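Protein sequence lines correspond, in order, to chains A and B.
With the first letter of the first sequence counted as 1, position 76 gets the number 157 in the working numbering; the numbers rise by one all the way through.
With the first letter of the second sequence counted as 1, position 172 gets the number 173 in the working numbering; the numbers rise by one all the way through.
Derived by calculation from the structure, the hints in this document are not laboratory data.
All figures in this text were calculated on a predicted structure; none of them were measured in a lab.
Derived coverage of chain A by chain B (criterion: at least 3 residues anywhere in the stretch with Cβ under 8 Å from a Cβ of chain B; other residues may be distant):
#, stretch
1, 191-198
2, 206-213
3, 221-235
We treat Cβ as the ideally placed atom computed from N, Cα and C, and that holds for glycine.
In case you want the letters, here they are:
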Amino acid sequence: MLLVPEINEVEVRFISKMLSRLVGEMNAEVCDQCGKCSSACPVSKEIEGFNPRQMIAKVSMGRLDGLLKEDAIWTCTTCLKCRERCPEDISPYDVILILRNLAYRAGYSYPAGYDDFIKGVKESGFISRPQAVRGRGGVKVSRADLGLPEVSGPGDMAKFDGVIEGIIRAGK
Amino acid sequence: MRYALYLGCTIQSEQYGYEASVRETLPKLGVELVDMKGASCCGFPALNSVSKLGWHYLSARNLAIAEDMGLPLLPLCNGCHLSFVETKHFLKEDPELKNIINMNLEKEGLHYEGSTRVVHLLEVLHDEIGAQGIGEKVVKPIGGVKLAAHPGCHAIRPSDLQRVDDAEDPQKLNSLIKALGAETFDYPEKIDCCGSQLAVASGRTTLKIAGDKLKAVRSYGFDGLVTTCPFCFKMYDGRQRAIRGALKDDTLEVPVFYYTQLLGLAMGSSPDRLGLQMNMSPVDGLVERMTE
Ligand code: SF4
Ligand code: SF4
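Model the full assembly from the supplied sequences, consistent with the hints where possible.
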């Protein structure tokens, strides 16, 4: 494994800096628990128990551990409505994404799909590779069939993969 | 108008209708698209959730390639666009992070300065070419059709970063739809999320969120839905059959288009050149009406 020591430190510093910027001043006084985030949230409407307002309350009380182990942090659609609507400039969205980073690093469970994404990126530079796709009439069509140019990826995949490996695995 | 064309993962691996219609229409409007060599994923869907640094690395690396080309970067996906804008913002605020990223970019023979301008397709069409300029190229106006605009979350939010349109009242896509001769009007769910980014964690909820919006669109009497985001399109078009199943509603049929497909039809291109055979929603009726 190609561990880049500076990255390790920086990644940790970066995450904690972002978390403290977002949450540091965000004590119970700053988040007035108005619930504008939750009422704008499309997931709160569908999944009982998914509640950005409550997540912020827990984070501001320092109750991170439970949150990190909950599935809830992985079910945000990243729609950004909470960040847009919060009257106190708190961004539940950013807090949730940082909690995901922390949970991943701490080795807690996360949706398996992320492993596939990472694998794709490390192997080809992209999540997915060009495929022949079935159209409405049932016929499979490739990029070439449509006259689309061939796709290029990172020139030196070994170098690219080495850098990505070092960055992603840092701190794990 | 010359841009480095950034396709990103979803478009180049499966959303061919979008890419084909962009390549067919933009050059006719005076836009030169230059393909990038060595590009990669922007990092937003893959890494933002698990490695913030990895995400910024991938975005910076594509920005660095565009910097080398000396061209503004045109990503076609809302998510990629936000990703590049946000990374630029972070690296400007944090020179130390920029250094670390550059130390790693160096290993790939790249360097990030932060000078690349990032442009959204809606900005090229609306702000640079303009609704009037587009109207002038329309040879087959799309008359008598009511189309719902779906700009997509990542194009308009968060307003504290440079975004494409107003966060609460986006109008650019509406005015572009009108430029083709079609009708459009605002509806309460217009700025609501398609739910696609939840697919990795909960497929059922994703279908419910997307289905509720399609139902709303139908209830207002729209003949179809228009977007410029590959994730939103994939949800509403590619997964429409699955949505019907999840909502147990066989009648939920809404034609879904990329804006550039409609633009191409209005400019006289054939449906095949616009990849319209790839749309999975029932677009045939509308396409026939528009091409007759
Ligand atoms: S909208 Fe902001 S202030 Fe209101 S509950 Fe949510 S995080 Fe707290
Ligand atoms: S970004 Fe996530 S938490 Fe915030 S409103 Fe959207 S789905 Fe809810």
